[in-house]
Amino acid sequence: MEPVKYNKGELPFAIICFVVAVTFFIASISLKNSADVIQLASVKIMPLLLSVIMLYTSIKTIWEAYQVRKKSTEAVDVFQKRIAIYIISSIVYVIAMFYLPFWLSSMLFLLFSYYYWEAFPLLKGALISIAIVEITIIVFSKLFQINF
Amino acid sequence: MENMFNIIMLTMGGTLAGIVVGAIPGLSATMAVAILVSLTFSWDIVPALAVMMGVVQGVNFGGAITACLINIPGAPSCVATTFDGYKLAQRGEGGIAIGHSCIQSFFGAIIGGFALMFLTPLISEIALGFAPQDYFLLAVFGILLVGSLAEGSFTKALFTAALGITIGLIGMDLVTGQPRLTFGSIMLLKGVDLVTAILGLFGLSEVFYQLYQKPTGLTIQKINKIIPPLKENFKYMGLTIRASIIGVFIGALPGVGGPVASLLAYDHAKRTVKNPSYPFGEGAYEGVIAPEAANNAVIGGAMIPMLALGIPGDAVAAIMIGAFRIHGLKPGPLLMTESPDSFNVLVVSLFWSSIFFLIFGLLSVRPFAKLISIPQNKLLPPVFFITVVGAYAINSSMIEVAWMFFFGILGFIFKLYNYPVAPMILGLVLGPLMDETFRQTMILHRGNFLSLFNTMITSPISIAVVVIVVFTVFVMPKSVSKADSTKV
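Protein chains in written order, with my numbering: chain A, 1 to 148; chain B, 1 to 488.
For the record, the hints were derived by calculation from the structure and aren't laboratory data.
Keep in mind that this is a model prediction, so the values were computed, not measured.
It cannot be assumed that every hint is accurate.
Here are a few chain A residues that sit away from chain B, every Cβ distance over 10 Å (derived from the structure) [claimed, not checked]:
1. Val-4
2. Val-19
3. Lys-70
4. Ser-72
5. Ala-75
6. Leu-123
Straight-line distance between alpha carbons at most 27 Å, and here's what the computed DSSO-like set of lysine-lysine pairs gives [stated by the list, open to error]:
7. A:Lys-60 to B:Lys-415
8. A:Lys-44 to B:Lys-190
9. A:Lys-81 to B:Lys-415
10. A:Lys-5 to A:Lys-81
11. A:Lys-124 to B:Lys-378
12. B:Lys-415 to A:Lys-5
13. B:Lys-190 to A:Lys-32
14. B:Lys-378 to A:Lys-142
15. A:Lys-81 to B:Lys-378
16. B:Lys-415 to A:Lys-70
17. A:Lys-71 to B:Lys-415
18. A:Lys-124 to B:Lys-370
19. B:Lys-415 to A:Lys-8
From the three backbone atoms N, C-alpha and C, an ideal C-beta is built for every residue, glycine too.
Put together the whole structure using the sequences plus the hints.
Structure below.
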């Protein structure tokens with residue numbers, strides 16, 4: 001029999017989903033009905049129904065994840081440090097875009113990506129990054145009328 | 001109508017780009033169309049649709065190249081092609097497998113095109129008589145179906161669908177004019193942009209996911225002869241027609257798409273072909289022909305509910321609804337009169353792109369096959385950058401880029417923990433429609449469910465919708481899981 005593998009992040013993520021559901025539930029309850037609209041057609045009815053569905057499904061997912069954890073003999077962590085660092089770097093890239101010119105921040109991030117994922121040596125990566133950003137900006141601004 | 005020559009050229013470019021995207025493992029039609037929707041923001045709807053249709057058709061065929069040569073479906077709808085296509089390639093008949101796939105995909109696409117051409121006006125006319133509750137039921141039907149057919153748990157699919165609908169409701173309520181679920185933020189008053197969400201969930205999240213997966217060594221099978229003998233093509237024509245009809249039918253069901261159609265067509269071939277060229281699972285031509293004809297027929301089929309009812313047949317059609325919306329058009333029964341050009345261009349470009357992928361597929365499959373070997377770490381950073389450009393192109397604003405990143409990271413985490421993303425997109429598209437029609441129904445019947453029930457049992461359209469919904473939701477998942485279990 002194959003060992004039952006437990007995904008370490010499954011339960012915490014299901015709990016996050018539950019918190020999201022609770023947030024939407026509270027936000028739906030606090031919506032105010034207009035006096036002239038019947039109760040079942042009010043602004044809150046659909047969000048309320050949906051948040052109940054989300055609450056139910058997230059609780060069920062938590063329960064399922066908990067059951068798997070109880071039965072499991074082996075724990076695995078699907079979330080790798082390498083991709084986590086890359087995602088954080090991409091958030092830094094988004095923030096940088098608010099302060100640096102679009103082409104410069106994009107070029108630096110592209111260079112970082114190539115270096116980080118070991119696609120090209122640094123100098124070659126820099127040249128390719130410059131070429132990609134410049135060509136994309138020129139072609140796309142002409143073809144799709146995007147104002148960079 | 002736009003200059004026909006331009007339309008044909010744009011369709012050709014789109015088809016070529018689509019084959020390239022399909023032939024590169026990891027790049028999908030949804031990702032390509034999501035990027036295109038944002039990039040063609042400043043274009044007129046007609047040329048934008050022509051390129052998109054070309055891309056969708058091209059990807060479907062390009063996906064078969066990788067399915068046959070490396071056993072990885074280049075597009076999700078080519079999943080059943082791998083069962084026999086790769087075995088054929090291992091036997092040295094990879095070229096013939098791709099040739100068959102190309103020719104039968106062409107016929108499948110043409111049958112789908114005819115279905116689109118003739119059925120859309122018919123259904124649009126019937127849909128004019130739809131009451132709000134019928135639309136509501138159809139929307140719920142689409143979400144339930146995509147949830148029950150999605151990979152992984154139904155509970156998780158239901159969660160992402162509900163979250164998608166809820167996010168779709170954020171913003172100013174159109175009935176009462178009051179802010180809803182905005183958490184006091186002015187930025188959220190205009191709601192979440194559908195195209196930005198699509199770009200994040202299908203574009204950026206896919207880039208993250210592909211980078212996350214460790215690249216594996218690919219063994220690419222050789223291509224010898226490509227064009228199969230003429231008499232063989234005629235021999236399989238009956239199967240192609242039957243598989244294409246399955247494709248059109250599955251495509252026309254809201255929320256169900258190419259992967260389901262190809263699995264059902266494969267299952268159909270397995271059950272009906274008494275003397276296959278080789279046993280199924282060991283390199284039967286019929287095992288390639290049926291799913292390929294079906295997955296190309298799906299394209300025309302999926303456009304039918306999108307154009308006639310405003311309900312997408314699959315994820316690509318859901319993204320295309322985004323394209324209509326950014327051009328101020330609302331797919332549905334009135335589209336045929338409000339923007340007949342959009343319908344015409346979809347039909348015309350579907351036929352032209354079928355011709356183009358037939359030509360490109362048969363004459364230049366070898367260079368496309370070389371694309372398979374491009375390493376992901378060299379290819380994905382530029383795709384990442386183009387996704388960012390796509391988000392920026394929506395409003396020339398960094399805010400959209402930030403939103404796209406939010407959805408990209410969310411989509412990636414969903415994929416990591418096996419939460420399907422497609423129901424979320426369907427929810428985002430159908431959420432406002434569901435809310436609007438549900439509330440209209442309640443207002444019409446003054447919140448009285450008995451009155452609603454009485455109306456429904458006396459309306460032939462409502463009865464037909466209920467029958468279709470109940471039948472499909474209960475029967476379809478069983479048929480698909482049975483078909484899925486037939487893979488070898």
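- Could you tell me which of the hints above the structure violates, numbers in ascending order? none
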